[in-house]
Amino acid sequence: MEQLIEDVTRGNVTEVKVVIATVVMGLAVYQLLLAAVGYGWLRPRFLSSAPALWTHRASGDTIALLTIAVATMCVGYYGFDFGDDGGTHAIVAVGLLGVLAAKVLVVRVGGRLSRLLPLLGVSLLALIAVTWLTSAGGFLGIA
Amino acid sequence: MERPSQGAQLLGSLLAALAIAAVAIALVTAHFGPTSSAERELQEERIEQREEALEERRELREEQLEQGR
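Sequence lines, in order, name chains A and B. Following the numbering used here, the numbering of the first sequence begins with 208 at its first residue and continues without gaps. Following the numbering used here, the numbering of the second sequence begins with 25 at its first residue and continues without gaps.
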């Protein structure tokens with residue numbers, strides 16, 4: 208697994224991971240805006256609810272795939288580190304994957320559970336932000 | 025101002041997502057620089073090897089000088 212990840216990234220595992228994680232972070236913020244338009248909390252003149260929600264789903268699928276890719280690279284290459292250095296990052300990242308799985312499940316099941324979507328979405332954004340800050344943010348000199 | 029058609033709104037919002045991804049990639053790549061870490065490590069390795077070879081040659085020369093005395 209380690210060799211495969213190194214081959215795919217041509218030896219730039221950390222750099223590729225930071226790039227993908229930053230794309231996820233940017234799209235996650237955009238998701239919040241799209242959801243706000245979709246639910247009618249924001250009403251810009253140039254975008255209505257239906258296209259905003261459609262793009263929200265498409266972008267969400269992309270975020271889910273990229274997050275799984277980063278998590279696979281992280282665990283496959285660096286392993287689990289619950290020690291001092293990567294403790295916060297690992298714990299928050301596990302929480303992020305759990306909330307992501309819960310959100311996908313709620314979207315699929317629908318019904319009354321759909322009321323949880325805004326809460327799950329905001330939690331997901333917060334977890335993505337903390338996971339990014341505790342890893343990619345450090346490499347970029349932000350955190 | 026009239027609202028654009030649904031198709032145009034959809035296309036615009038998708039293009040905005042693509043633009044966000046592109047800007048994120050550009051910013052992070054600019055931060056890391058154009059040289060990959062693998063290439064950088066290779067360059068550092070080559071420099072180290074060159075320095076070691078120079079050091080060995082210097083030592084050999086010093087030994088030869090001492091023997092000549």
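Keep in mind the hints are simulated off the structure, nothing from the lab. Quick reminder that beta carbons are idealized off the backbone N, C-alpha and C, glycines included. Please note: incorrect hints may appear among the correct ones.
To be verified - To spell it out: a stretch of chain B is covered by chain A in this simulated footprint if at least three of its residues, at any positions, have a beta carbon under 8 Å from a beta carbon of chain A; those stretches are:
hint : region
1    : 27-34
2    : 37-47
What the hints assert, rightly or not - To list a few chain A residues with every Cβ distance to chain B over 10 Å, as calculated:
hint : residue
3    : Gly294
4    : Ser321
5    : Ser330
Unchecked claim - Far from chain B by the CB rule (all over 12 Å, computed), these chain A residues:
hint : residue
6    : Val316
7    : Arg322
8    : Leu323
Checked hints:
no.: 1; hint: 27-34; in the structure: holds (count 5)
no.: 2; hint: 37-47; in the structure: holds (count 7)
no.: 3; hint: Gly294; in the structure: holds (25 Å)
no.: 4; hint: Ser321; in the structure: holds (22 Å)
no.: 5; hint: Ser330; in the structure: holds (21 Å)
no.: 6; hint: Val316; in the structure: holds (26 Å)
no.: 7; hint: Arg322; in the structure: holds (24 Å)
no.: 8; hint: Leu323; in the structure: holds (24 Å)
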